[in-house]
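Input sequences plus hints: build the corresponding full structure.
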Amino acid sequence: MANLYQPVYSKEPEPGHDAEHVLELKQFIDLLREEEDYWSPDQHNTSLMISKLRKIFYDQWGWNSELIKDAASIETRYQTEIKNTTETQGQEIARYKNYIYTPVYRVVTYTAQDRVYGNTRDGQIPFIYQHDHQEVKLPDGTYCDVAHILAGLDAINYKRMVTPLPSFLSFLAKLFPHVDSNVDVVTWIGDIASSSADFLFDYLKNGDRVISIEEQQAVINSDAPGSDMLGDIEPYVIAHHYDVSTSNGMRITDILTDYYSDQNAFRSRRLLTFCELIGLQGWNGVTFSNETAWLTYYHKQLRDAVTFVAFSQNEKSILGFLLPLKIWFNMYQKVLRLDTLLQLFVQELKRLLNQPK
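Our numbering numbers the first residue of the sequence shown as 2 and each following residue consecutively.
For the record, the hints were derived by calculation from the structure and aren't laboratory data. Accuracy of the hints is not assured; some may be wrong.
[Stated by the list, open to error] Below, a list of computed lysine to any residue pairs in the SDA-like style, where the Cα atoms sit at most 20 Å apart:
id, residue 1, residue 2
1, K98, N207
2, K98, F322
3, K160, S246
4, K206, A219
5, K84, A95
6, K175, K327
7, K70, N207
8, K206, G63
9, K98, G63
10, K160, K98
11, K12, E25
12, K84, K317
13, K175, R161
14, K175, C276
15, K301, K317
16, K98, K12
[Claimed, not checked] What follows is a set of in silico ranges between Cβ atoms, one per label pair, in the way DEER data are often shown:
id, residue 1, residue 2, range
17, D43, F172, 32 to 38 Å
18, I214, T258, 39 to 45 Å
19, Q344, D259, 33 to 39 Å
20, T112, L320, 35 to 41 Å
21, D43, Y118, 40 to 46 Å
22, D259, L353, 18 to 24 Å
This one's a predicted model, so the numbers in the text were calculated from it and none came from an experiment. Glycine included, C-beta positions come from ideal geometry on N, C-alpha and C.
So this is what it looks like as structure tokens:
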């Protein structure tokens with residue numbers, strides 16, 4: 002693990018994000034509140050609004066078919082398209098062809114039937130989606146991807162195993178690649194899996210050459226930056242302390258405002274709460290009592306998450322189908338660095354738990 006580091010907090014925006022476009026948390030919450038108001042009178046249907054707000058940022062095939070399939074039919078305000086060419090303010094989505102990076106772009110636009118603007122903004126990209134506005138600057142100066150929070154909360158409201166099998170064959174899931182919790186896949190384990198999968202794609206692209214430590218760190222910084230990882234932690238903590246599954250409760254914007262208010266006791270112990278909720282138990286100031294067993298369990302969970310990432314990002318050819326199977330059969334272990342990535346994450350959590358409050 003020498004020289005590698007998994008960030009959890011960051012005082013800088015993630016690589017590729019221009020700091021001048023990053024909004025303050027309050028500005029972004031105001032934009033979310035406008036989106037809530039669009040769906041009047043459902044603003045206090047907390048669970049429903051989380052789905053609608055999440056879908057502004059994440060509403061393509063994998064989300065509706067696998068990750069949060071029970072929310073697939075929930076109505077959205079904007080049109081989402083996946084395009085093969087660069088689009089202004091389109092969000093880049095990783096894809097590979099012959100192991101060469103060939104991204105597609107997720108483009109979100111107003112429709113001609115918008116309840117507020119009618120057809121006057123048809124085809125235009127809403128401001129909330131422009132410039133990666135989902136990554137915001139928190140009052141304490143750290144950066145956080147709030148869309149990750151929304152995605153995690155939505156998955157918590159629709160918990161399920163992630164498996165390629167249809168529902169009627171779910172009893173066979175353990176015979177195939179699967180991850181026990183879609184919440185983990187949508188949040189922290191999904192981001193770590195993206196790093197691992199990119200280690201592999203870079204290895205294959207470079208003629209089976211393991212990329213350098215510096216290159217691996219660049220991949221981690223891009224695929225699992227501190228703002229994403231903090232956004233992955235927050236939904237566990239928020240859902241633990243607020244009722245996010247109710248159909249008649251707080252507006253999600255009010256929950257976020259309260260959670261990020263000064264001296265919020267829930268937020269002040271967020272890391273320990275998160276660790277407990279993902280199964281890391283018995284923190285004694287140095288280690289967790291079940292750390293070894295936890296790492297063993299999540300090794301398989303991460304491996305199978307990487308199979309899903311590799312399948313979703315790779316071309317749909319015979320070779321594209323074989324690659325996830327090879328991962329599942331424990332090939333490329335030295336390249337994927339599953340144990341290293343998990344240990345890096347736990348190591349950083351422990352380091353932060355020991356910092357003075």
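Results for each hint:
| no. | hint | verdict |
| --- | --- | --- |
| 1 | K98 with N207 | holds, 14 Å |
| 2 | K98 with F322 | holds, 12 Å |
| 3 | K160 with S246 | holds, 11 Å |
| 4 | K206 with A219 | holds, 16 Å |
| 5 | K84 with A95 | holds, 12 Å |
| 6 | K175 with K327 | holds, 17 Å |
| 7 | K70 with N207 | violated, 36 Å |
| 8 | K206 with G63 | violated, 25 Å |
| 9 | K98 with G63 | holds, 19 Å |
| 10 | K160 with K98 | violated, 32 Å |
| 11 | K12 with E25 | holds, 13 Å |
| 12 | K84 with K317 | holds, 17 Å |
| 13 | K175 with R161 | holds, 14 Å |
| 14 | K175 with C276 | violated, 25 Å |
| 15 | K301 with K317 | violated, 24 Å |
| 16 | K98 with K12 | violated, 35 Å |
| 17 | D43 with F172: 32 to 38 Å | holds, 36 Å |
| 18 | I214 with T258: 39 to 45 Å | holds, 41 Å |
| 19 | Q344 with D259: 33 to 39 Å | holds, 35 Å |
| 20 | T112 with L320: 35 to 41 Å | holds, 38 Å |
| 21 | D43 with Y118: 40 to 46 Å | violated, 19 Å |
| 22 | D259 with L353: 18 to 24 Å | holds, 23 Å |
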